[in-house]
Amino acid sequence: IHNNQQEAAAAAATLEVEEVRIPVPYGEIAGKWWGPKDVRPIVALHGWQDNAGTFDTLIPMLPQHMSFLALDLPGHGLSSRIPDGMTYHTLDSIYLLKRIMKQYRWNQISLLGHSMGSIVCMVFSAIFRDKVDLYVGIDALKPHIADPEKLAPRLEKRIPQMLLADIRNQEKSEPPSYTFQELVERLHLGTNKSISKEVAPYLLTRNIAESKMYPGKYFFTRDSRLKYSVGTGWDQQVCLEMGKRMTMPYMFIKAKNSPYYEDKKYFEEYVALVKQVNPLFELEFVDSTHHLHLTEPAKVAPLVTAFLCKHWKKDACSGARR
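Residues in the sequence shown are numbered from 1 upward in steps of one, following UniProt numbering.
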């Protein structure tokens, strides 16, 4: 991991990166624009409760003539939260991508996603297949299939939790606070050690604030309603029908030491279908954990680079810089 960090730091030192803010009706979406501003960027979406910092080690290792826009999804990182009284849903992010395309006046979009962000990118690609010129997904292939009998009990538990989190937000009460080292430890253990202690600061930088009550301590700033968000709830047949529409250049990277988050048969069935309909589909397995792109970017970067060099085409950025 130390070598990975050294390589990423060396690459990042030569790559221009700029904080951007994209206006939305409830505030703004924050992001990091890596590389040239006159090129339409590949839009990168992070995983559940992570933020744009998840790509800080990978992007510097990718081709530097290309451009990348890593976003903080609503309620994550430095982006605004959705209004009080609302809940988070996967389809909200599909709508957000379409809004960003309109904002920058892009006719097409290129996508890179990890975990929840990968699922969002997959669903967007299937819905708007003529608008997506390439897509790279990392360690979440598609919406996960849950056991039907578990859905109602899960919602029975989660909806009251959402309500409580919503009320706490409105009360403006400060969440529990910790020392920075304690936050590193919590993030490390909370992800089953998928996020190493060495790379945890890349995520924490955009996800904590200093406590007003306890000097020298910090608290997580992500919206606590996110903990109780619910996925699409689609069955496998819906995912397969979407898979038939995945005809763009498409790469998926699976971490070998990470769970499938559903019965493996659903993964294999979807992959078999996409291989049939899409000769441009590539599947790679990497010996790593769920946050492989962050903790071991040197294992991921060559795969993504080879794919992008085959399929990426320069497209002038017509939208205004922000």
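Bear in mind the hints are in silico, worked out from the structure with no lab data behind them. Among the hints, erroneous ones may be present.
[Said to hold, decoys possible] Beta-carbon label-pair distances, calculated as ranges:
#1 Q103 <-> D263: 36 to 44 Å
#2 R105 <-> P176: 38 to 46 Å
#3 E171 <-> D287: 20 to 28 Å
#4 E156 <-> R129: 34 to 42 Å
#5 K264 <-> A152: 20 to 28 Å
#6 P176 <-> R99: 13 to 21 Å
All residues carry an ideal CB built from backbone N, CA and C; glycine is no exception.
Okay, the hints, checked on the actual structure:
1. Q103 <-> D263: 36 to 44 Å: Given about 39 Å between the Cβ atoms, the range holds.
2. R105 <-> P176: 38 to 46 Å: 43 Å, holds
3. E171 <-> D287: 20 to 28 Å: This hint is violated: roughly 46 Å between Cβ atoms.
4. E156 <-> R129: 34 to 42 Å: Distance hint for E156, R129 holds at roughly 36 Å.
5. K264 <-> A152: 20 to 28 Å: Given a distance of about 25 Å, which is inside 20 to 28 Å, the answer is holds.
6. P176 <-> R99: 13 to 21 Å: The hint (13 to 21 Å, Cβ to Cβ) is violated, given that P176 and R99 are roughly 34 Å apart.
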